[in-house]
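Enquirer: Residue-level listing of the chains:
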Amino acid sequence: MRRYLWMLLCCALVGMMLSACATMETTQKPYKLSQQGTVIWNDEFEFKPPSPGWKLVQVEAGGEFGFGFLRTDPGEFPSQSMFVYDEEPFGCSTKFDDREEEFFKRYLWATTFNISMEILEKNKVQVLGGEGLAVVAEGKDPIKKEKVKSKVVFGKRGDRVVAFYLTQWRHIDGTYDPSAFEIFDKFVASFKFLKKSFYETL
Amino acid sequence: MEGHQRNLSLYERFNARVVGVSRDDVTTLKYWAKSLDLTFPLLSNVTGFFGNYFYVKPEPGTENYPIFGRRTVIIDKKGIIRYVRDGSPDFKDILLFLKKLNQEGGKP
Numbered sequence: 001m002r003r004y005l006w007m008l009l010c011c012a013l014v015g016m017m018l019s020a021c022a023t024m025e026t027t028q029k030p031y032k033l034s035q036q037g038t039v040i041w042n043d044e045f046e047f048k049p050p051s052p053g054w055k056l057v058q059v060e061a062g063g064e065f066g067f068g069f070l071r072t073d074p075g076e077f078p079s080q081s082m083f084v085y086d087e088e089p090f091g092c093s094t095k096f097d098d099r100e101e102e103f104f105k106r107y108l109w110a111t112t113f114n115i116s117m118e119i120l121e122k123n124k125v126q127v128l129g130g131e132g133l134a135v136v137a138e139g140k141d142p143i144k145k146e147k148v149k150s151k152v153v154f155g156k157r158g159d160r161v162v163a164f165y166l167t168q169w170r171h172i173d174g175t176y177d178p179s180a181f182e183i184f185d186k187f188v189a190s191f192k193f194l195k196k197s198f199y200e201t202l
Numbered sequence: 001m002e003g004h005q006r007n008l009s010l011y012e013r014f015n016a017r018v019v020g021v022s023r024d025d026v027t028t029l030k031y032w033a034k035s036l037d038l039t040f041p042l043l044s045n046v047t048g049f050f051g052n053y054f055y056v057k058p059e060p061g062t063e064n065y066p067i068f069g070r071r072t073v074i075i076d077k078k079g080i081i082r083y084v085r086d087g088s089p090d091f092k093d094i095l096l097f098l099k100k101l102n103q104e105g106g107k108p
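Chains as they are written, first to last, in the working numbering: chain A, 1 to 202; chain B, 1 to 108.
Do not take every clue at face value.
Computed list of lysine to aspartate or glutamate pairs in EDC-like fashion (alpha-carbon distance at most 16 Å, straight line) [unchecked claim]:
id: 1; chain 1: A; residue 1: Lys105; chain 2: B; residue 2: Glu2
id: 2; chain 1: A; residue 1: Lys95; chain 2: B; residue 2: Asp37
id: 3; chain 1: B; residue 1: Lys99; chain 2: A; residue 2: Glu200
id: 4; chain 1: A; residue 1: Lys156; chain 2: A; residue 2: Glu87
id: 5; chain 1: A; residue 1: Lys95; chain 2: A; residue 2: Glu131
Simulated coverage check for chain A against chain B, where a stretch passes if three residues somewhere in it have a Cβ under 8 Å from a Cβ of chain B [to be verified]:
id: 6; segment: 87-101
id: 7; segment: 195-202
To be clear, the hints were calculated from the coordinates, so they are not data collected in a lab.
Backbone N, C-alpha and C fix where the C-beta goes; we use that ideal spot for every residue, glycine too.
Just chain B, with the same shape it has in the complex:
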C-alpha cells in the first residue's frame, strides 16, 4: 500500500486513481490507513463481494468465508478491465501500463 502512496503523483500524471479494497471492517481500515499515512480511499467489503466480482480465487480451505489473495486490476474510463495481476503489485509494470493507457487516450 505504501508503494501506491509513493506513486500517487505519478498516477495523477497518467490520469489514474487508486482504490484499495479489503474485507476488513471500516474501523480496522481507518486504523490501517492512519498507521501507514495513506491518503487514497480504502473500501471495506466485508461480504467479499469484490473478490468474487473480480474472480479472485479464495485461499484453499476458506470457501465458507473466503479469504482472497492480492489482485491488482486496472479499469479504463469505459469500465473495461485492462490489466489483472495476482500477487504483490509490480509498481513499475503498473506505471508503464498506465502510461501506455494514458497515451492511447490522448491528452484531455
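The shape of chain A in the complex, shown without the other chains:
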C-alpha cells in the first residue's frame, strides 16, 4: 500500500478573491511570421492570423485567457468582437459536457452581470487533432440594453481541456455579424501545438 502523504500544500487563500487579469507588457514580440504566412507564437503555437482589422490582445498566464484578437465593429456601443485561445478555461472537469456546464456558470462574469446565457447549439467537432465540443450561446442584458453571441470550442491539450471562444457584443437592437464567426472558425481550424505543454512534460 502506498505510503501516506508526506507533504501538505496549504493554500492560505484568506481573501478568496478571484484573480484579476493583469495586462502583459512586453518589449519583445512573442510571435513571428512563418514563410507560409502563419503566426508562430512563443515557439509553442501556430495559427493563421485574422485580417489586419483585428488587434492583438494578451494577458499573463492565470488570467481568463492567453491571447486573442479584438475588432471594433460598426454600430452603437458595445459593438465589438473578440476571440481568444485559453489554456485554463473556467471549470475543472476533463469531460467536455461537464466542463461546458462549469464554464458557462462563470463565463462573461455571469454571476456579476445579469446575463443568462442560453445555449443555442452544441455539436461534437474535430479540433486540435482530436474530438472537441463546439457551443454557440447568446446572452441578453435588458437593463444595459446589450446582448452577446458567443461560440466556444473546447478541445484537449494532453489530458487538459483548453478552449477557444468568440464573443460578439451588440446593442440589444443590433445585428450580429457572421463574418467574425467564420474568421474565428478558420483561426481554430488552423491552430496547432508545436510542442508539448508544461503539464505534459511535468
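Based on the hints, put chain B in the right spot on chain A.
Expert: Positioned in the frame of chain A, the structure of chain B alone reads:
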C-alpha cells in the same frame, strides 16, 4: 481555487494535498465550494489565526479585524515550511517545487 482543483491529480502524483484556508464562515465556504465544484478541504478560520500564524500582513486599515491577502504555503512531511509566495498562486511554480520536493523524498 479552480486552478488547484484542476491540478489535484498532479498534486497526488507528487504526494501532496491542498487545503484552502479562509476567514469566511462554514456556510459561505460550503456554498463557495459547491459553486466551483471544489472537492478538496476548505478550512474556515473566522478568527484569522491562520493568517497571523503564517505571518500574512493584513490589508492596511484592517488591523482591528484583519483581512489577509493571498499566500501560498508548502509544508513538508516534517512540518517545515518550504515555500511561501504572496499573491495569486503561480501553479507552474508550485508544481515544479512539489516535483522537486517529491524527488528529494524518494519513492515511498
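Enquirer: Evaluate each hint against the coordinates.
Expert: Hints, verified against the model:
| no. | hint | result |
| --- | --- | --- |
| 1 | A:Lys105 - B:Glu2 | holds (13 Å) |
| 2 | A:Lys95 - B:Asp37 | holds (14 Å) |
| 3 | B:Lys99 - A:Glu200 | holds (13 Å) |
| 4 | A:Lys156 - A:Glu87 | holds (10 Å) |
| 5 | A:Lys95 - A:Glu131 | holds (11 Å) |
| 6 | 87-101 | holds (count 5) |
| 7 | 195-202 | holds (count 3) |
Violated hints are absent here; each numbered hint is respected by the structure.
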